[in-house]
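Novice: Using the hints provided, position chain P relative to the given structure of chain X.
Residue numbers (numbering that gives the first Met the number 0), protein chains in the order written: chain X, 0 to 400; chain P, 0 to 400.
The hints are simulated quantities; they were obtained by calculation from the structure and are not laboratory data.
It is possible that part of the hints are untrue.
Said to hold, decoys possible - Once the Cα atoms are required to be at most 27 Å apart in a straight line, the calculated DSS-like pairs of lysine-lysine come out as:
| id | chain 1 | residue 1 | chain 2 | residue 2 |
| --- | --- | --- | --- | --- |
| 1 | P | Lys-342 | X | Lys-58 |
| 2 | P | Lys-198 | P | Lys-164 |
| 3 | X | Lys-49 | P | Lys-347 |
There are 2 protein chains.
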Amino acid sequence: MNSKNSSTNLITPGGFLFSTKEAAIKKPGRKDILLIYSQHEAIISGMFTKNKVKAAPVKLDMQRIRTGKGQAIIVNSGNANACTGMQGMRDALEMTTLVARGLNLAEDKVYVCSTGVIGTPMPMERIRIKIPELVEGLGKSTPYDATAAIMTTDTFPKVVTRRIKIGSKTGTLLGICKGAGMVCPHMATMLCFIMTDLKIGKIALDKAMKDAVKNSFNRITIDGDMSTNDTVLIMANGMAENEPIRKDTASFKRFSSALSDMTYELGRLIVKDGEGATKLVEIVVRNARNERDAYKAAFTIANSPLVKTALYGNDVNWGRIMAALGSSGITIKETKIDIYFGKVKVVKSGISHQKDMEAANIIREKELTITVDLHLGTSSSRILTCDLTEDYIRINAEYRT
Amino acid sequence: MNSKNSSTNLITPGGFLFSTKEAAIKKPGRKDILLIYSQHEAIISGMFTKNKVKAAPVKLDMQRIRTGKGQAIIVNSGNANACTGMQGMRDALEMTTLVARGLNLAEDKVYVCSTGVIGTPMPMERIRIKIPELVEGLGKSTPYDATAAIMTTDTFPKVVTRRIKIGSKTGTLLGICKGAGMVCPHMATMLCFIMTDLKIGKIALDKAMKDAVKNSFNRITIDGDMSTNDTVLIMANGMAENEPIRKDTASFKRFSSALSDMTYELGRLIVKDGEGATKLVEIVVRNARNERDAYKAAFTIANSPLVKTALYGNDVNWGRIMAALGSSGITIKETKIDIYFGKVKVVKSGISHQKDMEAANIIREKELTITVDLHLGTSSSRILTCDLTEDYIRINAEYRT
Chain X
0 MNSKNSSTNL
10 ITPGGFLFST
20 KEAAIKKPGR
30 KDILLIYSQH
40 EAIISGMFTK
50 NKVKAAPVKL
60 DMQRIRTGKG
70 QAIIVNSGNA
80 NACTGMQGMR
90 DALEMTTLVA
100 RGLNLAEDKV
110 YVCSTGVIGT
120 PMPMERIRIK
130 IPELVEGLGK
140 STPYDATAAI
150 MTTDTFPKVV
160 TRRIKIGSKT
170 GTLLGICKGA
180 GMVCPHMATM
190 LCFIMTDLKI
200 GKIALDKAMK
210 DAVKNSFNRI
220 TIDGDMSTND
230 TVLIMANGMA
240 ENEPIRKDTA
250 SFKRFSSALS
260 DMTYELGRLI
270 VKDGEGATKL
280 VEIVVRNARN
290 ERDAYKAAFT
300 IANSPLVKTA
310 LYGNDVNWGR
320 IMAALGSSGI
330 TIKETKIDIY
340 FGKVKVVKSG
350 ISHQKDMEAA
360 NIIREKELTI
370 TVDLHLGTSS
380 SRILTCDLTE
390 DYIRINAEYR
400 T
Chain P
0 MNSKNSSTNL
10 ITPGGFLFST
20 KEAAIKKPGR
30 KDILLIYSQH
40 EAIISGMFTK
50 NKVKAAPVKL
60 DMQRIRTGKG
70 QAIIVNSGNA
80 NACTGMQGMR
90 DALEMTTLVA
100 RGLNLAEDKV
110 YVCSTGVIGT
120 PMPMERIRIK
130 IPELVEGLGK
140 STPYDATAAI
150 MTTDTFPKVV
160 TRRIKIGSKT
170 GTLLGICKGA
180 GMVCPHMATM
190 LCFIMTDLKI
200 GKIALDKAMK
210 DAVKNSFNRI
220 TIDGDMSTND
230 TVLIMANGMA
240 ENEPIRKDTA
250 SFKRFSSALS
260 DMTYELGRLI
270 VKDGEGATKL
280 VEIVVRNARN
290 ERDAYKAAFT
300 IANSPLVKTA
310 LYGNDVNWGR
320 IMAALGSSGI
330 TIKETKIDIY
340 FGKVKVVKSG
350 ISHQKDMEAA
360 NIIREKELTI
370 TVDLHLGTSS
380 SRILTCDLTE
390 DYIRINAEYR
400 T
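Isolated chain X, as found in the complex (with noise of 0.2 Å):
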């Protein structure tokens, strides 16, 4: 497995099946359909895009979420089935029921979820006979074959695991995902899903994964925009037959963590995997008036394109970061900030600090962290973000064709 983050032993949670087949929506050679099945019903949350132009399956799902059961979700890579009207819902009724069929599951508790080009309809004819097979499949594919199968423009799967003990029983996390590109906070371009065979109650399983979501998919970007499809589903199946979590209890603590620590890797998984991306850098800003100013402030950095070209040619231009705090429309005091690449201060006080050949080491790694020290208050954020490169235009210019 060509992968930056394969694990050879993965820990799969109790009760959850996979299968992967290969429908040819965008163009044939890889498998691009993807069942997964929980054996019992799970407990199932959901976050999904803040676009006002929302996928059809995104739809579909909003609404089935309410009932807060879920037991399977198909997905497909290569058409986002978005911008297709009637029809689309339609497709993505269709593909629901005919999983429903095959699984012998009520309707409302199969979701389904796209990623690809807008705006093209879905081939069913291609997708109508695979359901079947994918159904028959089950058991057969791991969660990297299954990440593959949701792929894009990601140049490898993305995988997070995490045990832990409730009790005396041990539960497990598993969550997959794929991102790239159209990454963005509220959400990143991105489906993810998370399986537990913990049990766990709808309300705590809901707030479990609305902090984990805000610490880490909304702390992401690659190049600003949203996209129409932007789909977390997190199923709990309790077969791990642990005491149920509830809300504010040590073990909704012990739980809470752990998905958060996951999502939080998972993020870091996309960006560092973003098109084109050569690196992965973290921006804090600290001691801002509020959250809400370090968050802006952080944002505004991590997305101006100019810092993102900087980063990419290595050019520690900490001038251009000023310039985008600037303009973040933020409460900043010039000459009170401080910035440092790694632990190089670079600015003090609003001017050079004179060691731009110093932080020159540091933009050269692949991995770094540029804070900004506003000196106006106490609050922090922290936001993961890559840079821009001719390969990030290359991906996108060719991307239909």
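Specialist: For chain P alone, coordinates are given in the frame of chain X:
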């Protein structure tokens, strides 16, 4: 003159002289300082960057412009004199002091503008000695020479003139500017100097200028970044000896319209010459609920890296326009949206109109208009943008080196 908009017989407004010299500010080999001088004291009006991090010359000019009078502008390229602290302020001041001394002017009649790298002290030892030469050379440089001296990554000088008749007198407007990158509203990274020999009152000049900038430089974008140095200055020296133009008169309307027209043309040239740009694209959003929505939607589309890379790749990827629209935060109704490339309707009522092949001929053109019709109201807005190319990355990854 290797210029896309050169005209051999430029009419210069009466009483304005130019001088350019080489001070080797960033590197030797080109003229990089400019002096603009009006033989008569002029009424002056200015607009400056909204960035909270302002270059020293911007801070100085913002103080001086309160007098409403001016007679000379010294400009340098290669160094922005931004984030340079107290020394930067002293350097900006010294530049005006030396010009004032050479021209025997009150110091507060002299303005200073800088463009280039942020955070590096001004090489005053090289600039200082060139100022007497600049003064000496007045009248020996053309408006094209003037523009060439303030270029950074611009590939051609941007000069526009207009002649208008006020009563029995004919006056001239001459505008020169530089742009290229870090261009976004409020305003582009741009310096723009407009000179006219028309006689006009300060209140009228301010009003005409504000309207002109609103409809030109605040409606262009290259990369969404906002500079620390943006400045637009207009000097009117009255040497045409016309009846003074007052606000709310017919001659004001003519003046204002000529000025707006000129700044729009200059803005167009800036975007056309955007860093790495291969095409100029006008984004029109019409029938929005209100002007704010129209403007916001047009800007979100115009700034989307995915839209801009698709334009570069000649890919009629209207799905990315829909996605940008949906993420702009304005009110939309997906099923009411129509999108046109030129006159070809590619989206009808939110879904494909099956005209991508026809639109492919439009997108290959060097200049095109994309129109989004929201069918929700009567407000419109238009923004000029360009495509995002590998050359943008190359230019900006290597800018300082």
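Novice: Lys-49 of chain X and Lys-347 of chain P: Cα distance at most 27 Å?
Specialist: Roughly 23 Å separates the two Cα atoms, so the pair holds.
Novice: Take the C-alpha atoms of Lys-198 of chain P and Lys-164 of chain P, compute the straight-line distance between them, and say whether it is at most 27 Å.
Specialist: holds (12 Å)
Novice: Given the hinted pair Lys-342 of chain P and Lys-58 of chain X, is their alpha-carbon gap at most 27 Å?
Specialist: violated (32 Å)
Taken one by one, the earlier hints fail for this structure only at number 1.
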